[in-house]
Amino acid sequence: MEIVVEILHSGQRDARIEKLDTNELRVGRAWSSDILITDPDVDAEHLLIQLDEEAESFALIDLQSANGSRHNKKKFEGKIEADFGDLIQVGQTRLRIHRMHDPVPATKQRSLLDHQLANFYRPAVALGLGASAILIQMLDMYLSTSRDLEWHTALTSLIGMTSGLAFFALILAGLSKLFRQEFVYWPNLSLAASLIILQKLVALIISWISINTLSEGLDDFISNIARAGLLALWLIPSLHICTPLKPWIRNTVTAVLVCITLVTSYILPSFREDLWRSSRPQLVTASMPASLLLAPSMPRKEYLALARNTFTEADQLAVEAREEKEEETPESE
Amino acid sequence: MDLKTLCLIFLGLMPLVIDDVFAQESSELPSADIRSQPAAQIRSRLSQLYDQVYQIQIIESSTQNKSALGSGFQVSADGLIITNYHVVSVLVFEPSHHRILYVDQNDNEGELELIRFDAVNDLALLKKTELSDNEHFLDLAQQQPELGDSVYSLGNPRNVGMLMVSGAYNGLSDYSFAGRILFSGSLNPGMSGGPSVNANGEVIGVNVSTAGSQLSFLVPLSKVEQLLSRASTPWQPENYLSEIATQVRAFQEDYFNQLLAPEWTPKDLGSEALVTGELGLDTNCWGDSNEDDEDAKFRILTLTCSNSNHIYLDRGFNTGVLHYSYSYREAGELGTIRFHKLIDGLTFYPDNQASNDEVTAYSCEQQYLTPSPEEEGHFIQTGFCTRAYIDMIGLYDVLFYSHSANSYRSLVSHFTLAGVSMETAMAFTERFMESATWK
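As they're listed, the protein sequences go chains A and B.
So that you can map any letter, position 325 of the first sequence is 325 in the working numbering, and since no number is skipped, the others follow by simple counting.
So that you can map any letter, position 56 of the second sequence is 56 in the working numbering, and since no number is skipped, the others follow by simple counting.
Next comes chain A alone, as it looks inside the complex:
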C-alpha cells in the first residue's frame, strides 16, 4: 500500500510526502509519531489514522486531543470514516491523504481578474498604493492649511502616515492569521492603503451629506462606529498573538471585548438622550462644489417661511420634554 500524506502547514503549500507500510499512522507532536507535526496546538498524541486492508478507505480516531480534530472542517470526537482527498485538520495544521496513483486535481486556469488580484499582492502595487495614500494625506494637508506647508510639518505627517500604514498592515496581518489565511505582508499593505484612500473619499462624501441633510448625530454615529471598529481591530490580533490562551477562549474574549466596545461607545450613548440632544447645532458652512452639485436654491421669502417652521418643531420637542418630566415626577405639585 502506498499513500501520500500532504501537509498544508498553516497555508504554506510545501507538502511533505510520506510513504508508509503500516496500517496505523500516529499524528502528533511526540517524537514517536509517524507524522510529526510541530504545531503548538497539536497534542503529543493527537490523531490516529487507521487504514483498512485493501486501502480502499480509512478511519480517523481523535485521541481525546485538547484542541480537537476536524474532518472536512467539522469537528469530531472518537472514530469516524473518511475518504481519500478529504481535508483533515489537527491544531492549525491541515492534512490530506491520497493514494499514490491518484491523479493530482487539475487547477483552474486563471482569469484576467485573477491575474489582477494576484498583482494586488505584489510589492510594487502595495508600495504604489501606500505612496498614493501618503500623497492624498499630504494633498489634504496642503489644501486644508491657509499657510505655507513647512517641511517639518510635512515630515511629521509623512512619518505619521507611514507608521500608521505599517501599523494598519500589521493589524491586518494579525487578522488574516486569525482567520487562517495566508500570512503575507504585501496584500495587507495594499489593503491598508486602499482602506485609507477609501476612508478619505467616504469622509468627503459624508461631509457633503451632512452639510445637506443636517442630520444631527450622524457624525457621532460614524465616529463611534469607527472607534469601536478600530479598537476591535487592535484587540483581536494582539490577543491572538500575545496570549497563550486556547483558541476558543481567545475568540470568546475577543468577541466579548468587541461587544463591550460597541456597547460602551455606541449603543449605550444612544440611550443617553442628552448625548444626542447636542446643545451645539450642526450648522456647518458648505464648500462651493457641494453647493453647486447638490443644492437647489430658494428665494429669501420662502426660506423665512421655512425658518418659522423650526419654532413649531421646537414647540413639539418642548411638549414632549414636559410630558417626560411629568412622568418622572408624578407626585410633584
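The calculated SDA-like cross-link candidates involving lysine to any residue, where the alpha carbons are at most 25 Å apart (straight line), are:
1) B:K439 / A:R300
2) A:K325 / B:S355
3) B:K297 / A:Q137
So, partial list: chain B residues that the calculated Cβ filter (under 7 Å) puts toward chain A:
4) K297
5) R338
6) K341
7) L342
8) T360
9) E365
10) Q367
11) Y368
12) L369
13) F384
14) A388
15) M422
Distance windows between CB atoms, simulated:
16) B:S271 / A:S297: 20 to 28 Å
17) A:A255 / B:G377: 55 to 63 Å
18) B:D288 / A:L158: 29 to 37 Å
FYI, nobody ran anything at the bench for these hints, they're computed from the structure.
Beta carbons: idealized from backbone N, C-alpha and C, even for Gly.
We have chain A; now place chain B onto it with these hints.
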C-alpha cells in the same frame, strides 16, 4: 473688551473661600467728599445699619444644607426683605425642595417666604413669617446720589461676616438696557442682595454683580420701588417659571422694539462688503483683522458685536444675550480650492448657557438662497436653528448664519438671540439678512 460681558460674576453663588483680601477691609471711611459731615458721625450712623442687613440662606430640604448664600435687607416694619433674584433662583426653580432663612448679626435665624421677584432686574422680595415686637428697617433714599458721592455697600461676602465696602457713585451704566448703577467699589460673592447706602444710611441701590477689581454694579432704587409698589397687589403666578417667561418676554419686546425702530446704518467691511455695526442701546462692537500678519496668505476682517443683557435665570442657565458678527475673507494667494477649504466647515454655537433640562434640542433649517442682484455670482448658504424653553412657553433661543461666497471672497454673517418670542426673532432675522450684503 467688554468687561461686563466677559466677567459678569454673580455674587451670591460662589464657594465659601476665605480670601486674604478681606483682611484689608478697613472701617476707615473716606470723608473728603461727604458734605460737611465728620467721618466719626457717618461711621456711627452706618454702623447701626448692620442690624437691618441679613444673610440670606437657601436651604436644600433633603440635606438641610445651604445651597445658596446672599445678603438682604429689611425695608418695612411688616418684615419685607429685599435681595437679588439670583440669590433665590434655586428656590424659584425647585420650590418644593428649598426654603429660605435669614440670619442676623446676632446669629438669630428666621423663616422667609418668597413674595415676588423680578428676574430681569435681578430682585426678589421676601417676607418674614414671624415678626418681633421691634422690627428695624432701612429707609430708602428720597433722591439719587450725585456723581462721585460716596456709597457704602453692605453684605456678608463669602460667609466671613457682615462688612461694609466703600466706593463712589458713577451714575447709570451706558451699556445696560435694564439699568445698572456703576459703583467703583469691590463687591464680593455673598454680598449680592445687600444694600448700598449713602452717607445718611439710606438705600440707593442693591448690590448685584461685579466686573472685576473696583468695578461693580448696583440695581437702582427705582426698580426696588417698582417691586415694592406691586407687593400689595395679589400675585398668584401659575408657577414661577411661567412668571419668568412673562417678565423676560415683556423686557425683550421693549428692547427689540427699540433696537428695530431706527434704520440700521450700513458700515464698510473690507471695502467690498456692507454690514451693520453698533445698533445703539447697549450694543458694543469690536473689530479685528490679519492685516498685520505678514505670513498670511489670505485676508480676513471681522466685526463682532454683542449686547450686555445677561439675564440670569438659574445656575448654568441665562438668557437675554444678543450676539452678532460678520467676517469678510479674501482668497489672496490661496487660490480657489484652498480658499474654499478654509471657509468650509465653519461652525456656530449659542452664546447663552442652558442645559437639556431647560431647553429643547435645536431644530434647524439650512438652505441655499437665490442670490439677489448685488449677490450675483455668489452662492448663499443660510442656516437657522431654534430651541424652545421647556418650562417657559413662548421663549426661544435662535441661531442664524448666512454665508455668501464666490471663488475669491466670502462674507459670513451670524447672530444668536436668547430668550425671544417667535415674532421678535423673525423680525430681527429679516432685518439682519438685509443688513449684510455686497457693495
